[in-house]
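Chemist: Assemble the whole structure, with the sequences as input and the hints as a guide.
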Amino acid sequence: MLSMTGYGRAMREVDGRTLTIELKSVNHRFLDLAFRMPRNLMFLEDEARKRIGARLARGHVDVFMIYRNQRSDARKVSVDRALFDAYATALEGLRDCGVQDDRTLMSIARLPDVMTVTEAEEDQDALRALLRETLDEALDALVAMRAREGAEMKKDLAGRAAHIEEMTLQVEARYPQTVEEYTRRLRASIEELIGQSVDETRLLTEVAVMADRSTIAEETVRLKAHIAQLRECLEKDEPVGRRIDFLVQELNREVNTISSKSQDVPITQLVVSMKAEIEKLREQLQNIE
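Using the numbering used here, the letters of the sequence shown correspond one by one to residues 560 to 848.
Hint data in this document are derived by calculation from the structure and do not stem from the laboratory.
What you were told as hints is all true, and nothing was included just to trick you.
Now the in silico label distances, taken between C-beta atoms and shown as ranges:
1. Asp591 <-> Glu838: 22 to 32 Å
2. Arg790 <-> Arg588: 20 to 30 Å
3. Thr816 <-> Lys609: 41 to 51 Å
4. Gly718 <-> Arg801: 16 to 26 Å
5. Leu653 <-> Met674: 20 to 30 Å
6. Ala616 <-> Arg790: 19 to 29 Å
7. Asp684 <-> Gly718: 44 to 54 Å
8. Arg801 <-> Arg608: 16 to 26 Å
9. Ala647 <-> Arg568: 46 to 56 Å
10. Glu777 <-> Glu842: 23 to 33 Å
11. Gln788 <-> Asp684: 46 to 56 Å
The beta carbon of each residue, even a glycine, is placed where N, CA and C say it ideally should be.
Modeler: Right under this line is the structure:
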């Protein structure tokens, strides 16, 4: 089980080229990637998306790339000869006006736009190989952090599932007592009203109707089945967030049904506690891949 929150960083230097990649992920319904990278690396975005998508299923991931090329051929200097000649001609005219000619080659080269420094065309194959190595290392770090957080979340989810199961068993054990207590209350009420013994056949019929309307056997069976499935999901080595989210919805549905059927105070108290645990499960699920 993986959390959707994590951070990974890697830096590689190969043949004068240095690439640093940082990955920061938070929870999101789907896999959402946001890139911040130099323009000369933008041709690598599609490949980076595929490599990240092969490792992650969900989460918003910010991808930061910093690139430095310190090779001797990383930049080239070009001279605008036509502009250079135009400056020279203009300076000749100033000399004719009596201005002292103190020109040097470097002084003319410093004139605006005579010389320009541009980035040399990158070796795309070399950059692609550098990206793969650096990104894979950053992904390893990110996934490792998400796995550590996921392990803690797994313990928490398992504990809450066990607590819900324990309370389900308590509800099951309590239900027969509610029928017995209802029978006693109904008998006492009838005897108080009519002042004589109760017709046992009619009493049992009334109790049977009540028991049929308030039975929670199906709900508790489904609750235990959903909890068993949740435990299976926790052991899977794959994204299970959506599956567990569905199971939590089903748990909530069954508990609500029990709440609507039962008028028993102890069962109602258990239902309130179960709802609180289910809500905590739902909160944790927001960050499970």
